[in-house]
Amino acid sequence: MAAEAPAQPPAAAGEPNHGLRIFIPWLVLSVVADLIIWIVWRPHMPPGAMSSAAANQQFDIAIMAVLAAPVMILVLTYFAYALIVWRQKPGDEEDGPAIHGNTRIQATWIVLTSVIVLFLAVFGTVELFTAQGSGAGEGGSPIFTSDVKGPLQVQVIGQQWRFTYRYPQYGGFETTDLVLPTNTWVEFHVTSIDVIHSFWAYQLGVKADANPGVDNVAYAKIYHTGSITVRCAELCGLWHGAMFDYGKAVSPAAFHAWAQGAEVHLAAVTKLLPPYALTYDPTVVPQMSKAMVAAGLTGAPGLYYPPTDPAQP
Amino acid sequence: MSLPARVSLLIVAFLAVVAIGAFVVLHYFLGGPATVDYSAGVTPDTGATVHVVLQEDPQNTVSTHPDWVSYFIQNPQTKAWEHTTLFKVPAGSRIDMTIYGFDGCTPLRNPVWGQVTGTIGDVAYVNGKPVSQLNSYSGCNVGHTFSIPGINLNVPMATPSNPSANLCATSPCSPTTTAKNLYKVVTFSFNSPRATGAYFWQCRVPCGGGFVTGFGGPMQTLGFMTGNMEVVS
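Chains as they are written, first to last, in numbering that gives the first Met the number 0: chain A, 0 to 312; chain B, 0 to 232.
Next comes chain A alone, as it looks inside the complex (with noise of 0.2 Å):
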């Protein structure tokens, strides 16, 4: 015998089309909300459009928001309409109609939705290839290069509770200034020497951990000038949240002409550094410690590292 199928509801007499009644306020509110997204908002989005990176994580965001507001549109126009519509009315003891499924509603609900994930999924990996990873650090042997020719090399270092900045064409020099120039690709190496920091360029859409003994490689081209906010966005100690300075963006002239400037200045400093290299083995330090201790020369509280080291506290 077979199984007998679910008996669907019977349309009740003059009921309304709710499909459709709900359908057209959600298409108005839905093309408004993304034309207001689109158009209004859009420019104001975080990280702005200084650079390539943040241009691109702008756009990313809108098109999110673009496709999610319909979406939220329907489920709160849905909702609404079944409390206005749907609402037990005074006096009115009656159970409501037993729910049935829709298969039609359900199969379109799943179809849309999975679409959209499925397009999200490659539109981001689209985004992370053609925006040369999309300001995110890509560590130390990055896919996400294309369009990158001639790039400026910039070593972020982060060190408790800094970050300096290594220019290699320019004579290696050191700073703790971070400037940079317009309409030129800049190459970040982002590492660290002693704990793991992360390098936000705010307005420049970058961010890279910073993690001793890696280079983490990051791309961004700036188009306009500005100022840029860095902070160390990775818990680092006491002073993490005072680990933040001011680079800015100058044209290329103007970049050029100080860090000339600041190579022949910091000359005699970058006499004392290790040689460019992309990562800082910081056992470096402790095998002098060492030396020194074996010569006789002590240092604060008498030793560099105990033979404990590690000790927590």
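Warning: the hint list may mix true and false statements.
Unchecked claim - The list that follows gives simulated cross-link-like pairs (lysine-lysine, DSSO-like), each with its CA atoms no further than 30 Å apart: (1) K220(A) / K247(A); (2) K183(B) / K270(A); (3) K78(B) / K128(B); (4) K179(B) / K128(B); (5) K128(B) / K270(A); (6) K128(B) / K87(B).
Simulated from the structure, these hints should not be mistaken for laboratory data.
Since the structure of chain A is already known, use the hints to place chain B on it.
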């Protein structure tokens, strides 16, 4: 349980909670090191000169961490050395710093901090001789640094001439009774910012022995190797 017993228990529990809260507030929020006031009697934003005096010691025998390296600040009124790293200066003033360096040497993790920056003329004076940088890798030259990142100030502290000799072993050390070759006097000047607020300062030598990368313990504890310069108007 009888009613009087329940009431008594409730009162005891309430008092215990209050006591714990008071301990936390008093010990952790109000119980930090004292602030030495160098702003008293000085009109801010006039370029007036304020003389601030510190010393850095190989130990801190007046604390519960006698093996922690530590700074001390001299009280301008009493001339007594106080175990603190908090001091207050007037805004828009010239700050003449004198730091007595009693501790031995340790290499900087980053040699760039051997450079003098942010002082007037980008220079410091070690026993009266001007220096613009010290090389902590070439020998026993640098004990600590005095660095205020907020104003890009960095001054490496020179070490005693005879580092293999016994260093001062009782804190606070005394410049008047300690042999001259067992400490260095570093002086420099800078202008305090006009913007009021707390500017943290730190040492950049990894001198927190026994801690990861040498930057724990005294390096991250107020009253030892880091503190605040409070700029007031």
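Against the structure, the hints:
{"no.": "1", "hint": "K220(A) / K247(A)", "result": "13 Å, holds"}
{"no.": "2", "hint": "K183(B) / K270(A)", "result": "25 Å, holds"}
{"no.": "3", "hint": "K78(B) / K128(B)", "result": "25 Å, holds"}
{"no.": "4", "hint": "K179(B) / K128(B)", "result": "15 Å, holds"}
{"no.": "5", "hint": "K128(B) / K270(A)", "result": "22 Å, holds"}
{"no.": "6", "hint": "K128(B) / K87(B)", "result": "28 Å, holds"}
Checked against the numbered hints given earlier, the structure satisfies every one of them.
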